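J.: Residues per chain are reported as follows:
There are 2 protein chains.
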Amino acid sequence: MDTYTFSERGSVEEVEEGRALAPKFDADGLVTCVATDAATGELLMVAHMNAEALAKTIESGEAWYFSRSRRRLWRKGESSGHVQRVLEMRVDCDQDAIWIRVEQAGPGACHTGRRSCFYRAVPLGKTPDASLVMDLRAEKAFDPQAVYGDAAKS
Amino acid sequence: MDTYTFSERGSVEEVEEGRALAPKFDADGLVTCVATDAATGELLMVAHMNAEALAKTIESGEAWYFSRSRRRLWRKGESSGHVQRVLEMRVDCDQDAIWIRVEQAGPGACHTGRRSCFYRAVPLGKTPDASLVMDLRAEKAFDPQAVYGDAAKS
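Protein chains in written order, with this note's numbering: chain A, -12 to 141; chain B, -12 to 141.
Do not rely on the hints blindly, as some may be mistaken.
Pairs count within a copy or across copies, as identical chains cannot be separated in the list.
No more than 25 Å apart at the CA atoms, straight line, and that leaves these computed lysine to any residue pairs for SDA-like [to be verified]: (1) Lys113 to Arg59; (2) Lys11 to Ser54; (3) Lys113 to Asp24; (4) Lys11 to Phe(-7); (5) Lys11 to Arg58; (6) Lys113 to Leu17; (7) Lys127 to Glu4; (8) Lys113 to Glu(-5); (9) Lys127 to Ala117; (10) Lys127 to Glu65; (11) Lys11 to Arg55; (12) Lys127 to Gly28; (13) Lys11 to Val(-1); (14) Lys11 to Gly48; (15) Lys127 to Glu90; (16) Lys11 to His98; (17) Lys127 to Val(-1); (18) Lys127 to Gly100; (19) Lys127 to Ala7; (20) Lys113 to Arg(-4); (21) Lys11 to Ala117; (22) Lys11 to Leu119.
Source of the hints: derived by calculation from the structure; they are not laboratory data. Small disclaimer: the values here were computed from a predicted structure and weren't measured.
For reference, chain A alone in the conformation it holds in the complex (with noise of 0.2 Å):
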């Protein structure tokens, strides 16, 4: 199916209490998604949706995303196998956010092949110079050279 139209937006009253999906695409037309593991709650990734990459989500089930800098709608594993399969989709309360919750197919989620693309932990009470930490959880799942090439990075 090739519809994405959403309701209108109405009253902030309705945007927030309402039952209607009604989005806020920013001035690129996209909203912000973020992915957390259905089984582990942890935070997989953080991309976007325009109306159309948001519609195939909930229709298919599947995670479908907008590259920003690819500009092109992209289905999440396309090139990869790497597929994000929807058990749950919520949406904000100011309807500019979504939240899925994901069984991420394959080794990871991200690019650089790892599970998630969150593997860097920034220490807090000292300057914004200090160095990141590492997840030594977070080591390479996957040889994203060898499953990507210099192809897409989904």
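Position chain B against the provided structure of chain A, taking the given hints into account.
T.: Here is chain B on its own, set in the frame of chain A:
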């Protein structure tokens, strides 16, 4: 401390594998920040940080954001008392998103009076005009009018 100078962004390899925090602020000078409950893993909110908010969060260990609607820096809880103590901060591969695991003070993070901003589910396998489903566990935990009045929604 008022410094909020971050590292220059280097090569892709440096940004993705390096130990320097070199955030990729967007055209509005913002990065996306995802806040999860450190105890339960629940996604509480998605917001934005400018360089100052990010630096203040790192230095203070309390969440600061930049409100896009109010165009100003905002310490989470400054009017509600619902502050967020940051137990861990992470940055993603291309450094345009921040993840904070927080201890949420008070009954909730959402200005609508709920624990989390993500209190409505989007039905999957349907068209995007299907009705949202309210999370029955997400009843209002506090009265937003009593806490915030007509003032800042923090």
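J.: Decide, hint by hint, whether the structure agrees.
T.: Comparing the hints with the structure gives:
Taking the shortest Cα distances, lysine 113 and arginine 59 sit within 25 Å of each other only across copies (24 Å), while inside one copy they are farther apart (39 Å). Both within a single protomer and between protomers do lysine 11 and serine 54 lie at most 25 Å apart by alpha-carbon distance, with minima of 18 Å and 16 Å respectively. When the C-alpha separation of lysine 113 and aspartate 24 is checked against a cutoff of 25 Å, the pair qualifies only between copies, where the shortest distance is 22 Å, while the shortest distance within a copy is 30 Å. Only within a single protomer do lysine 11 and phenylalanine -7 lie at most 25 Å apart by alpha-carbon distance; the minimum there is 10 Å, versus 31 Å between protomers.
For a Cα distance limit of 25 Å, the shortest separation of lysine 11 from arginine 58 qualifies both inside one copy, at 19 Å, and across copies, at 18 Å. Taking the shortest Cα distances, lysine 113 and leucine 17 sit within 25 Å of each other only across copies (21 Å), while inside one copy they are farther apart (34 Å). When the C-alpha separation of lysine 127 and glutamate 4 is checked against a cutoff of 25 Å, the pair qualifies only between copies, where the shortest distance is 11 Å, while the shortest distance within a copy is 42 Å. For the homomeric pair lysine 113 and glutamate -5, the shortest alpha-carbon distance between copies (18 Å) is at most 25 Å, but the shortest distance inside one copy (45 Å) is not.
When the C-alpha separation of lysine 127 and alanine 117 is checked against a cutoff of 25 Å, the pair qualifies only within one copy, where the shortest distance is 23 Å, while the shortest distance between copies is 40 Å. When the C-alpha separation of lysine 127 and glutamate 65 is checked against a cutoff of 25 Å, the pair qualifies only within one copy, where the shortest distance is 20 Å, while the shortest distance between copies is 40 Å. Taking identical chains as interchangeable, the C-alpha atoms of lysine 11 and arginine 55 lie at most 25 Å apart whether they share a chain (17 Å) or sit on different chains (13 Å). Taking the shortest Cα distances, lysine 127 and glycine 28 sit within 25 Å of each other both inside one copy (20 Å) and across copies (23 Å).
When the C-alpha separation of lysine 11 and valine -1 is checked against a cutoff of 25 Å, the pair qualifies only within one copy, where the shortest distance is 12 Å, while the shortest distance between copies is 31 Å. Taking the closest pair of Cα atoms, lysine 11 and glycine 48 come within 25 Å of each other only inside a single copy of the chain (21 Å); across copies the shortest separation is 30 Å, beyond that limit. In this homomeric assembly, lysine 127 and glutamate 90 come within 25 Å of each other (Cα to Cα) only inside a single copy, at 19 Å, whereas the closest approach across copies is 30 Å. For the identical chains of this complex, lysine 11 and histidine 98 are inter-copy neighbours only, at 17 Å across copies versus 28 Å inside a copy, given an alpha-carbon limit of 25 Å.
In this assembly of identical chains, the alpha carbons of lysine 127 and valine -1 lie at most 25 Å apart only when taken from different copies (17 Å versus 44 Å within one copy). In the homo-oligomer, the alpha carbons of lysine 127 and glycine 100 lie at most 25 Å apart inside one protomer (5 Å), although the nearest pairing across protomers, at 40 Å, exceeds that limit. Taking CA atoms no more than 25 Å apart as the test, lysine 127 paired with alanine 7 passes between copies only; the shortest distance there is 19 Å, against 41 Å inside one copy. Taking the shortest Cα distances, lysine 113 and arginine -4 sit within 25 Å of each other only across copies (20 Å), while inside one copy they are farther apart (42 Å).
In this assembly of identical chains, the alpha carbons of lysine 11 and alanine 117 lie at most 25 Å apart only when taken from different copies (17 Å versus 36 Å within one copy). Proximity of lysine 11 to leucine 119 under the C-alpha cut-off of 25 Å is restricted to the inter-copy arrangement: shortest distance 15 Å between copies versus 34 Å within a copy.
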